[in-house]
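Based on these hints, arrange chains R, X and P on the given structure of chain G.
Protein chains: 4
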Amino acid sequence: MIFVMKQNVEKSKVDAFRKIFEDKGFKTLYSFGTDYQVVGLVGNTSILDVDQITETNVIVEYGKRITEPFKMVNRKFQPENTYVKVGPTTFGEGLFQVIAGPCSVENENQIMEIARAVKLSGATLLRGGAFKPRSSPYAFQGLHAEGIQLLLQAKKETGLPIVSELTSLSQFDLFEDVDVIQVGARNMQNFDMLRELGLCKKAILLKRGLASTIEEFLMSAEYIMTGGNSNIILCERGIRTIETMTRNTLDISAVPLLKKLSHLPVIIDPSHAGGMRSLVAPLTKAAIAIGADGILIETHNNPAEALSDGAQSLDLSDFSELMVEIERRVAFENKKLDKS
Amino acid sequence: MIFVMKQNVEKSKVDAFRKIFEDKGFKTLYSFGTDYQVVGLVGNTSILDVDQITETNVIVEYGKRITEPFKMVNRKFQPENTYVKVGPTTFGEGLFQVIAGPCSVENENQIMEIARAVKLSGATLLRGGAFKPRSSPYAFQGLHAEGIQLLLQAKKETGLPIVSELTSLSQFDLFEDVDVIQVGARNMQNFDMLRELGLCKKAILLKRGLASTIEEFLMSAEYIMTGGNSNIILCERGIRTIETMTRNTLDISAVPLLKKLSHLPVIIDPSHAGGMRSLVAPLTKAAIAIGADGILIETHNNPAEALSDGAQSLDLSDFSELMVEIERRVAFENKKLDKS
Amino acid sequence: MIFVMKQNVEKSKVDAFRKIFEDKGFKTLYSFGTDYQVVGLVGNTSILDVDQITETNVIVEYGKRITEPFKMVNRKFQPENTYVKVGPTTFGEGLFQVIAGPCSVENENQIMEIARAVKLSGATLLRGGAFKPRSSPYAFQGLHAEGIQLLLQAKKETGLPIVSELTSLSQFDLFEDVDVIQVGARNMQNFDMLRELGLCKKAILLKRGLASTIEEFLMSAEYIMTGGNSNIILCERGIRTIETMTRNTLDISAVPLLKKLSHLPVIIDPSHAGGMRSLVAPLTKAAIAIGADGILIETHNNPAEALSDGAQSLDLSDFSELMVEIERRVAFENKKLDKS
Amino acid sequence: MIFVMKQNVEKSKVDAFRKIFEDKGFKTLYSFGTDYQVVGLVGNTSILDVDQITETNVIVEYGKRITEPFKMVNRKFQPENTYVKVGPTTFGEGLFQVIAGPCSVENENQIMEIARAVKLSGATLLRGGAFKPRSSPYAFQGLHAEGIQLLLQAKKETGLPIVSELTSLSQFDLFEDVDVIQVGARNMQNFDMLRELGLCKKAILLKRGLASTIEEFLMSAEYIMTGGNSNIILCERGIRTIETMTRNTLDISAVPLLKKLSHLPVIIDPSHAGGMRSLVAPLTKAAIAIGADGILIETHNNPAEALSDGAQSLDLSDFSELMVEIERRVAFENKKLDKS
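Residue numbers (the numbering used here), protein chains in the order written: chain G, 1 to 340; chain R, 1 to 340; chain X, 1 to 340; chain P, 1 to 340.
To be clear, the hints were calculated from the coordinates, so they are not data collected in a lab.
Don't take each hint at face value.
30 Å max Cα-Cα, derived DSS-like pairs, lysine-lysine [said to hold, decoys possible]:
1. P/Lys19 with R/Lys64
2. X/Lys336 with G/Lys6
3. R/Lys6 with P/Lys336
4. P/Lys64 with R/Lys64
5. X/Lys11 with X/Lys24
6. R/Lys11 with P/Lys71
7. G/Lys76 with X/Lys11
8. X/Lys64 with X/Lys13
9. X/Lys201 with X/Lys336
10. G/Lys76 with X/Lys64
11. X/Lys6 with G/Lys71
12. X/Lys71 with G/Lys6
13. X/Lys336 with G/Lys64
14. R/Lys71 with P/Lys6
15. R/Lys76 with R/Lys201
16. P/Lys260 with R/Lys11
17. P/Lys336 with G/Lys335
18. R/Lys64 with R/Lys13
19. G/Lys76 with X/Lys13
20. X/Lys6 with G/Lys19
21. X/Lys64 with G/Lys64
22. R/Lys27 with P/Lys19
23. G/Lys64 with X/Lys76
24. G/Lys336 with P/Lys336
25. X/Lys6 with G/Lys27
26. P/Lys6 with R/Lys24
27. X/Lys335 with R/Lys336
28. X/Lys155 with G/Lys64
29. X/Lys260 with X/Lys85
30. R/Lys27 with P/Lys6
31. G/Lys64 with X/Lys13
32. R/Lys336 with R/Lys156
33. X/Lys11 with G/Lys11
34. G/Lys11 with X/Lys260
35. R/Lys11 with R/Lys155
36. P/Lys85 with P/Lys119
Note that the structure is a prediction, hence the values are computed from the model and not measured.
Pulled out of the complex, with its shape left as it was, chain G reads as follows (with noise of 0.2 Å):
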């Protein structure tokens, strides 16, 4: 953390500036100029406020945080790639991901007929969702518990995992033998919940928050990795811009730079990024030539009448023929279908 004094501070000014931090434990670097004197910290500067200090001591000019605040989550830290074993499957590096199935689970025809299919076509993994977050009181909310059995029962007869996702940790109990647990873009700042996931051992899909930097993604899974789960897959499904055609921008450089600064697997989310059917295939071609370690694509039997997100679900045919284009372009790739 580095701190540039005002012009003209007196030196003893800055000397008990440097004793704050001192007096704290950390150790400080000086060095001046004609023009400007720096004071350095080092130490274990996460637990500072670099806004504040630079608010809070009118000698300070400028103050900035060198060193990246997430640690365990950084490669540097750990530069081999991390493997999340999911059942039978495996997220990572040189493998690839398709998990597909609907926004929600709606009846057991839906939710037994659209896994069937998607396995039959080469999904490697099935989600549904059963506690939906839904932005009107009004809409659709899920099935609740029975979704969740629903899902266990496709899982027992397709041998897919599942992934569903969690929208209050009063749920946890009912999630026992769902695969990955999702934490929602909406909930990636739900600090509580994010640090009771690190407690258990559940593969954890993270998306991104709808806008959340880089950055606070990693801080955030940062917390469930302190609490002792490194099972973490990141997944990108879009910010928040001012285009308006699209639901949300998917910001797709983030798939290498979040493979640059962390050790965790990426993958990418077209449906909710796009936020319309045409788009699914062509973002998923991209995310996989960028490098991405799998898909989570929105499937329905019936798009037009689903009862949430029909607009961006493929319907089972249509993903049947993406699951061909899939495999050719994985196959490209040198990358390994990771189907069980």
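Below, chains R, X and P alone, put in the same frame as chain G:
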């Protein structure tokens, strides 16, 4: 809800489209011209997803929800202003509230000194965080139950009603004697939390999310009000934009818009909006002039040593000076500073 | 400008890095600790690109410009407020200007009626567009030279100085008797235009770009001032954000920030910021309270039939009412409405 | 264009509203139900301002333009793909172009060395800036006429068509032998410039503005095409968002959307989008996979010493390696790299 058909769609297909909705109990309108055909739906369209219908019916070119999706918080539903009574004070049109206090309760001396000072200066409520949502797991997370106890002690001595943030429903019982429960920006779309808070009668201070639209903000208030609790205070606290000099960009236009669209009181948080001390006074002046029903100001006895958000906290002397200015301006607006 | 080296970089490499800049005439500072080494550059760093140096020198972890990149418009360079004299009126601290008039000059009757009415109501300058930047080639583009002539006629009759937008340098000669040349938001980074306008002595009303930061805004003013023209009025008119209910989001914090960072006068355009009539009066009140030096209000004798921007124009009667409010509030702020 | 009336508006007022437009030559549609009345306008609605009509007619609740405001660039207007011929090469569906070269032409040695190298590696066009729009007046602004001469020399020797940015119409004559005129992001809404460029027949590479929507981007292309010039190449180069780690956020979804909405070729600029060298290769792979018709890559013989944009420039060896990857991927997509 209105749908425009694609050009040259056969009338029979439009009729089939209309029948889908008539079968669900909606009335449909139909109009046509040389170039286009329009279908309107009348009924409880809040349960329909306009994008989904548009994307999944190939004959539809364009669909649009006409009516606002929020109902109970809508001024059309309730033309009279809502007044939220909090202990001896009230939030609402014609009145003005000043909520002051530290970001975090840190220890007894700190909160008692601040509480006495802001009371003396003229603040009408005391704020203080016991559970802090921090983007870093390494930052100070609050004193938890002990923090609430200290706030209650300060309330007892000063008579100021207290405001504190709830970050998880598991904390709810601890808030029994807290006068106003704050839902932070990061929990604005924690729908499970909103639903539960709708079942109690406590005053809820709902902060706008970092990247939430005004419509989404009102939909979150709708969640609370549909549960039966209309004691809701809306708080604009800045949104994230392309500007990097300030932490957030205060969307001051939100005040007149929220007051036009809804009957709920609206306050402003000038501390978080700007993220710097020097902006608190100017933004406070603007807030009063534009018609806000109150402000929420971070105040600290020693900002340089604050355990959180010191950069934007006023010290007690600055706050005292600002209160003089606030009183003068509130009087100019013919409003009443509602001191207990 | 400061550079932090990567961990464990050899001292000899850091020396070579310093030598690059010393050979270019910069002084370098060096400080080191157990964990990191820092190099600072002293001299005219405004010609250096900090990102480029960081990205292209593999030993550098992080680089940061410390000093603000703008110089002449900086309050550190000129602590005294700039006053911009425009005919009989002046823009600057302690004064308040109300610029009123239509988005576009449409015909003689329209502009003369509006000019007389706003003069009578108390406006201090008249605005009117002759060259209109419109996002659609099919929209009305202005009366061009004839529009300027009509404005000059209105100026002659009412005595109000006039403000009009220049969209291309080829129009410059037509603006000889125009008192204030407006540079629109879309031309804020038309650097060729800024450079040319720096060579004249006319007052320039520079609007902030739709997605420009405050720093970029000041850099554009710097272009004008480095040419020798310091008659610059900064105008905040809203930035594009995630909010869709308003056309733009007025960044009201920009007023105190610009006035702190720079010595130039700052005004607000409440018409474009909100894009709707109902927001003009509330935003005007906020603008006065926060310390703006003036406002720019679209006013029309018949908004419903205006050829451009009618949605945000006040009619003459609303404007007259608002002027009463403005006078009352400007007096409350101890400012002088500078009527000629 | 559709207008929904407010509730309970008298039929006679709606008729008067319709008459306004019928008098202007529009046909009107009318439909009504128990709750609402809708008026539709048929005719050349591109000259109308929907927001203005909505805001200034008190009986109107809501108005919406139904048809896209762009016509000539619309795929509905011209279903066949446009091919833009540039010297011996062509931009358009099925082909792929690689435009490489430095941000700025700096001197003869620099541009000749780069031109020879990128030609050898397989680039199909050479880019180089002679007039540079820089946010700081203190930064290098380009070699101007001399820069163009050096580019022409490089073109002569290598046979590569050249691309260079025009920042002011006064430079137009100098561009006589430049093959593709680039309109930069900051000039995307310099409508005077667009109109003039519509009058020539040169190929125009139009970059998307930093905060422009896809609709605005197409409207700017419409300005050029209405003048008579359909030799337009659209270039997505990233938009400004809340993410601060990258200079801009590449909106990769823009590629399939632009190709669906319009018949014009679309390329991507991975250098400006990310603003860092390490993102160029990954974004290039994504661009090819998603169906872009080409890329624009900053390449420099010595990025560390580049006078502009060195941070994002590839050196010649990295570019050569990337070309191998590009050729392999373009072939995989069954496209032809159109080497002359």
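These are the hints, each one checked on the structure:
A hinted pair counts as satisfied when its Cα atoms are at most 30 Å apart, and lysine 19 of chain P with lysine 64 of chain R qualifies at roughly 25 Å. Among the hinted pairs, lysine 336 of chain X with lysine 6 of chain G is inconsistent with the structure: their alpha-carbon atoms are about 35 Å apart, more than 30 Å. With a CA separation close to 35 Å, the supplied pair lysine 6 of chain R and lysine 336 of chain P exceeds the 30 Å bound. With a C-alpha separation of about 9 Å, the suggested pairing of lysine 64 of chain P with lysine 64 of chain R holds against the 30 Å cut-off.
Using a Cα cut-off of 30 Å, the hinted pair lysine 11 of chain X and lysine 24 of chain X holds, with the two alpha carbons roughly 20 Å apart. For the suggested pair lysine 11 of chain R and lysine 71 of chain P, the alpha carbons sit about 26 Å apart, so the restraint of at most 30 Å is met. At roughly 22 Å between alpha-carbon atoms, lysine 76 of chain G and lysine 11 of chain X fall within 30 Å of each other, so this suggested pair holds. At roughly 20 Å between alpha-carbon atoms, lysine 64 of chain X and lysine 13 of chain X fall within 30 Å of each other, so this suggested pair holds.
Among the hinted pairs, lysine 201 of chain X with lysine 336 of chain X is consistent with the structure: their alpha-carbon atoms are about 25 Å apart, no more than 30 Å. Proximity of lysine 76 of chain G to lysine 64 of chain X is assessed by CA-CA distance (about 22 Å); at most 30 Å being required, the pair is judged to hold. Only pairs whose Cα atoms come within 30 Å are accepted, and lysine 6 of chain X paired with lysine 71 of chain G is accepted, the gap being roughly 16 Å. Using a Cα cut-off of 30 Å, the hinted pair lysine 71 of chain X and lysine 6 of chain G holds, with the two alpha carbons roughly 16 Å apart.
For the hint pairing lysine 336 of chain X with lysine 64 of chain G, the CA-to-CA distance comes to about 42 Å; that exceeds 30 Å, so the pair is violated. As the CA atoms of lysine 71 of chain R and lysine 6 of chain P are separated by approximately 16 Å, the hinted pair is consistent with the 30 Å bound. For a cut-off of 30 Å, the pair hint linking lysine 76 of chain R to lysine 201 of chain R stands: about 23 Å separates their Cα positions. With a C-alpha separation of about 26 Å, the suggested pairing of lysine 260 of chain P with lysine 11 of chain R holds against the 30 Å cut-off.
Of the supplied pair hints, the one linking lysine 336 of chain P and lysine 335 of chain G holds, its CA atoms being roughly 25 Å apart against a limit of 30 Å. For the hint pairing lysine 64 of chain R with lysine 13 of chain R, the CA-to-CA distance comes to about 20 Å; that is within 30 Å, so the pair holds. At most 30 Å may separate the alpha-carbon atoms for a hinted pair to count; lysine 76 of chain G and lysine 13 of chain X meet this at roughly 22 Å. For the proposed pair lysine 6 of chain X and lysine 19 of chain G, the alpha carbon gap of about 26 Å is at most 30 Å, so the pair holds.
Distance check on the hinted pair: lysine 64 of chain X and lysine 64 of chain G sit about 9 Å apart at the alpha-carbon level, within 30 Å; holds. At most 30 Å may separate the alpha-carbon atoms for a hinted pair to count; lysine 27 of chain R and lysine 19 of chain P meet this at roughly 28 Å. With a C-alpha separation of about 22 Å, the suggested pair lysine 64 of chain G and lysine 76 of chain X falls inside the 30 Å cut-off, and the hint holds. Between the alpha carbons of lysine 336 of chain G and lysine 336 of chain P the distance comes to roughly 28 Å, so the proposed pair stays at or under 30 Å and holds.
Restraint check for lysine 6 of chain X and lysine 27 of chain G: the C-alpha separation of about 18 Å stays at or below 30 Å, so the hint holds. For the hint pairing lysine 6 of chain P with lysine 24 of chain R, the CA-to-CA distance comes to about 25 Å; that is within 30 Å, so the pair holds. The hinted pair formed by lysine 335 of chain X and lysine 336 of chain R meets the criterion: a straight-line CA distance of about 25 Å does not exceed 30 Å. For the proposed pair lysine 155 of chain X and lysine 64 of chain G, the alpha carbon gap of about 52 Å is over 30 Å, so the pair is violated.
Taking the CA atoms of lysine 260 of chain X and lysine 85 of chain X, the gap is about 21 Å. The hint holds against a cut of 30 Å. Between the alpha carbons of lysine 27 of chain R and lysine 6 of chain P the distance comes to roughly 18 Å, so the proposed pair stays at or under 30 Å and holds. A C-alpha spacing of about 24 Å is found between lysine 64 of chain G and lysine 13 of chain X, which places the hinted pair at or below 30 Å, so the restraint holds. Restraint check for lysine 336 of chain R and lysine 156 of chain R: the C-alpha separation of about 24 Å stays at or below 30 Å, so the hint holds.
For the given pair, lysine 11 of chain X sits about 27 Å from lysine 11 of chain G by alpha-carbon distance, which is consistent with the 30 Å threshold. For the proposed pair lysine 11 of chain G and lysine 260 of chain X, the alpha carbon gap of about 26 Å is at most 30 Å, so the pair holds. Distance hint between lysine 11 of chain R and lysine 155 of chain R is unfulfilled; the C-alpha atoms sit about 69 Å from each other, more than 30 Å. Distance check on the hinted pair: lysine 85 of chain P and lysine 119 of chain P sit about 19 Å apart at the alpha-carbon level, within 30 Å; holds.
Hint compliance for this structure: hints 2, 3, 13, 28 and 35 are not met, and every other hint is.
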